[in-house]
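J.: Chains D and W are the protein sequences, given in the same order.
Reminder that position 14 of the first sequence reads as 14 in the working numbering, one-by-one numbering, no gaps.
Reminder that position 34 of the second sequence reads as 34 in the working numbering, one-by-one numbering, no gaps.
Misleading hints may appear alongside valid ones.
Under 7 Å between C-beta atoms, here's a sample of chain W residues computed to sit facing chain D [said to hold, decoys possible]:
hint, residue
1, 8
2, 18
3, 25
4, 29
5, 47
6, 54
7, 67
8, 69
9, 75
Just a sample of chain W residues kept apart from chain D, beta carbon distances all over 12 Å, derived [unchecked claim]:
hint, residue
10, 9
11, 13
12, 22
13, 32
14, 40
15, 58
16, 64
Keep in mind the hints are simulated off the structure, nothing from the lab.
This structure is a prediction, so every number in the text was calculated from the model and none was measured.
For glycine and all other residues, C-beta sits at the position ideal for the given N, C-alpha and C.
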Amino acid sequence: MTVATNPVLQQFLLESRDFLQGIAESLLALERAPGDTARMDELFRVVHTLKGNCGLFEFPDMFRVIHAAEDLMSAVREGRMTFAGSMADALLDAMDFVALQLDDIEADGQPGSGHGAASATLAARLRALVPSDAAAAPALAAGADDAAAAAAPASAQAGRMAAALADLPAAVRSALAPHPALHWVEYAPEAECFFKGEDPLYQAMQMPDAVWQRVVPVEPWPVLEDVDAYRCNLLFQALTTAPRAAVEEHFRYVPEQVWIAPADLPAAAAADPDLVADALAIVRSQGEALQAGDDWVAGRVQAVLATIRACCGAIGRGASLAELEECGAAALAARSAAPLLAWIERHAPAAGVVAPAATATATAAAPVAAADAGAAPTDGEPKFNRRADDHAGNRVLKVEQTKVDRLMNLIGEMVVARNGLPYLAGRAEDQYGMRELAREIKAQHAVINRIVEEMQDAIMQVRMTPVSFVFQRFPRLVRDIARRLGKDVELTLEGEATEADKNVIEALADPLVHIVRNALDHGMEMPDERRAAGKPATGRLVIAARQEADRVLIEVSDDGRGIDPARIRQKAYAKGLVDEAALGRMSDQEAVNLVFLPGFSTAETVSDLSGRGVGMDAVRNAVEALNGAVQLSSVPGEGTRLQLSLPLSMAVSNVMIVESGGARYGVPMDLVVETVRVPARDVHRIKQHEAAVLRGRIVPLRSLNELLALERPQRRNDQDEIATLVLRVHGQYIGLVIDDFCGVMEVILKPLAGILGCLNAYAGSALLGDGSVLMVINPKELLL
Amino acid sequence: MTIEFTDGVLVCAGTLPVDDAETLLQIVAGRPGVAADLAACEHVHSACLQVLMAARVTVRAWPAGDALAAWLRAALAPAPASTCQQLTTT
Chain D
1 MTVATNPVLQ QFLLESRDFL QGIAESLLAL ERAPGDTARM DELFRVVHTL
51 KGNCGLFEFP DMFRVIHAAE DLMSAVREGR MTFAGSMADA LLDAMDFVAL
101 QLDDIEADGQ PGSGHGAASA TLAARLRALV PSDAAAAPAL AAGADDAAAA
151 AAPASAQAGR MAAALADLPA AVRSALAPHP ALHWVEYAPE AECFFKGEDP
201 LYQAMQMPDA VWQRVVPVEP WPVLEDVDAY RCNLLFQALT TAPRAAVEEH
251 FRYVPEQVWI APADLPAAAA ADPDLVADAL AIVRSQGEAL QAGDDWVAGR
301 VQAVLATIRA CCGAIGRGAS LAELEECGAA ALAARSAAPL LAWIERHAPA
351 AGVVAPAATA TATAAAPVAA ADAGAAPTDG EPKFNRRADD HAGNRVLKVE
401 QTKVDRLMNL IGEMVVARNG LPYLAGRAED QYGMRELARE IKAQHAVINR
451 IVEEMQDAIM QVRMTPVSFV FQRFPRLVRD IARRLGKDVE LTLEGEATEA
501 DKNVIEALAD PLVHIVRNAL DHGMEMPDER RAAGKPATGR LVIAARQEAD
551 RVLIEVSDDG RGIDPARIRQ KAYAKGLVDE AALGRMSDQE AVNLVFLPGF
601 STAETVSDLS GRGVGMDAVR NAVEALNGAV QLSSVPGEGT RLQLSLPLSM
651 AVSNVMIVES GGARYGVPMD LVVETVRVPA RDVHRIKQHE AAVLRGRIVP
701 LRSLNELLAL ERPQRRNDQD EIATLVLRVH GQYIGLVIDD FCGVMEVILK
751 PLAGILGCLN AYAGSALLGD GSVLMVINPK ELLL
Chain W
1 MTIEFTDGVL VCAGTLPVDD AETLLQIVAG RPGVAADLAA CEHVHSACLQ
51 VLMAARVTVR AWPAGDALAA WLRAALAPAP ASTCQQLTTT
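Bound-form chain D, shown alone:
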């Protein structure tokens, strides 16, 4: 599981950091005003949510700490205790721990191992603050001095370890001697563990790399008749060659029941003096090896460390290993062999004479040193002294949408200002006759243009959201609907990573839900019906997204019964939506598109899912409001395909600027099919309307002046040609007659406000570079 591929985990990390921030603030506020119950409730709620989220994943260390924190807050909330500064400290420490775990998860996809002990300590500290009715006093006393409390059992465990190791048969001991880093593991399951479904023996058996093990009763067995089989009276002891972290990882759910310490096997009573001398000689030679090389490398220190570890293990000098590790760490940190050489000097003096007494001392000291080493974190040491706000790992910035919108508006103004430069160049040349200056302004314009475009692109990227934002709800939705309808449907999502502007994606959600419901309700057949038609009983529904140039295409296709044009015709006629003459002219494809008419519904009965006659025309309106288009195609018996085409971003629109009646107007580029100049003699008059034949197609011509109720006739050019903009509106070609074309420009389209907002003929207005206002017409409204 990695962070990058798991959106739930990403979400968890983001949210958790927010929660931690909130918790820290609340705690600090509560320190100032401990009686603020509203704050406390808020704090409790956040911690509770955090715990719930955490429970979704397998992060036992984190969960344990949060759980303890929640218990503590619960006690405060119920009035069993009052909030105090010490509590805030414990809670803040706990939250720091959680933050560290989050860092680990973000880096590696999982919390680092070896935090079990820290987690247990923190949890114990938090729990110690909670007054439980029965054990309040001892718990508090324990909380007062964690170290002392922890030390007592630890020494008992150390004692047991020493005794057990001393009892090891010589054969076992010599077999284990080659292992340099043995760990003693003592696992004391709870007495009630069987009732929690635990099997401690199984847990112990799964322990990594156990080389020796023993199971003993905690208390001596009573007479058989009194044995309670369901009260665990077992103590598992083992020696393992696995690193401490691996063992902790293995017992991560029960860290408080496990005691791990580096095990030093007492040297065999009659350690061969020759062997000891040999080993020490090896250790000394390691020192020489370290001094020899000028080009010091960390690898050499590692190698030397490993060798010395093995030698000391073999001759029972394990006690000095803790110090060795320290020196080794210092050597690595200082990038110098000096600390390690010092150690060799201390423990293997060049004199070479080692009194047997030294060995004996080492042996006697072994359990004590081992206990110390057990208390001081060794290889699995958690990096647990950074504050939560130290880390730089949080690379996601959450920004209010209004701030991004402001950037968007500013870049819009920048685009307008940039568009002003060519005008300025024109004026420099025409009005002041300064050609050179005009050229320089144009060069400068090119530079600014590049930067502005890049900036615009960058800001757009900020607003880009993957379609998965909308898609992710469908698996559940489809499953629920299909189950309710008794249909069998398999959903396939494709291209979930396709991105588009946040507004576009958000506005897409409702139409898509409508479409999917329709597909499942009307399109998909019941399993029996499908089998009878020779199709697999399980229907297929595909929702796919892809990017095509500056548009996002979203396709919803099913392999259901398709749309029967005859039935649509009949239905549309029955509902009085079309007249008989129109029906006759209509192609099958056009008939299928009748489903987009307001008030059309083919469902025989109105279900709670769809069939109220609002579905498809609502979809079309929503999509068109986004400057998008809907296409429906269907083959009866084989399925239906609905394609939505949407702009990637709604912020910048391409418009064609045209001149008509002495003013300039913008026409949205996505509707423009072509610009032609039609010779006046080719225009034919059919009844009141003019039309021309273009590329073998009859295109009705409409004059823009006439549509806008301007009194002037359209101007023609010197060759007596009519400037015509061919638009495609709702699948029909229409020629818009204007005076002249002026070019294409990117503009920031602002919707008309106030009373002007009621004018449907205009899509909005835009500011041009020379400061004038461009009215952008809305051909869909104007022409139909």
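With chain D fixed as given, assemble chain W onto it according to the hints.
T.: Only chain W this time, still in chain D's reference frame:
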């Protein structure tokens, strides 16, 4: 049934689940040191294990699985006396 008691020998086979601990206890009750054949055992739940330990069964045949055998030997083979002393004092 995976536990049988025939001819004075306790024969266990397959997996001894936690529910069998009580049955096992009834069988071994009053027969401390009873002989046990665990050759066909695949797993022994800790609850059953401690019954066997408490009964100080004399194991005649160990399970085939290496890990299980090692742990069962560690639990059921006669322990040095000093260990018991050590434990009782702590």
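J.: Hint by hint, note whether the structure agrees.
T.: Against the structure, the hints:
Residue-level restraint check for residue 8 (chain W) is violated (minimum Cβ-Cβ distance to chain D is 16 Å; threshold 7 Å). The interface hint given for residue 18 (chain W) is met, as the beta carbon of that residue sits about 6 Å from the closest beta carbon of chain D, less than 7 Å. The beta carbon of residue 25 (chain W) comes within 5 Å of a beta carbon in chain D, closer than 7 Å, and the hint placing it at the interface holds. For residue 29 (chain W), the interface hint holds, the least distance from its beta-carbon to any beta-carbon of chain D being 5 Å, beneath 7 Å.
A hinted interface residue such as residue 47 (chain W) counts as satisfied when its beta carbon comes closer than 7 Å to some beta carbon of chain D; here the least separation is about 5 Å, so the hint holds. A distance limit of 7 Å between C-beta atoms decides the matter here; for residue 54 (chain W) the minimum to chain D is near 4 Å, and the interface restraint holds. With a least beta-carbon distance of about 5 Å to chain D, the hint placing residue 67 (chain W) at the interface is held under the 7 Å criterion. At its closest, the beta carbon of residue 69 (chain W) sits 10 Å from a beta carbon of chain D; the interface hint therefore is violated under the 7 Å criterion.
A distance limit of 7 Å between C-beta atoms decides the matter here; for residue 75 (chain W) the minimum to chain D is near 3 Å, and the interface restraint holds. Interface exclusion of residue 9 (chain W) from chain D stands, the closest Cβ pair being 17 Å apart, more than 12 Å. At roughly 18 Å, the least C-beta separation between residue 13 (chain W) and chain D is larger than 12 Å, which holds for a residue marked as non-interface. A cut-off of 12 Å between C-beta atoms contradicts the statement that residue 22 (chain W) is not in contact with chain D; the least separation is 6 Å.
Not every CB of chain D is more than 12 Å from the CB of residue 32 (chain W) (nearest about 6 Å), against its label as outside the interface. With a closest Cβ-Cβ approach of about 18 Å to chain D, residue 40 (chain W) is found to remain outside the 12 Å limit, as its non-interface label requires. At roughly 14 Å, the least C-beta separation between residue 58 (chain W) and chain D is larger than 12 Å, which holds for a residue marked as non-interface. Against chain D, the non-interface label of residue 64 (chain W) holds: every CB pair exceeds 12 Å, the least being about 14 Å.
The structure is inconsistent with the numbered hints 1, 8, 12 and 13, although it conforms to all the rest.
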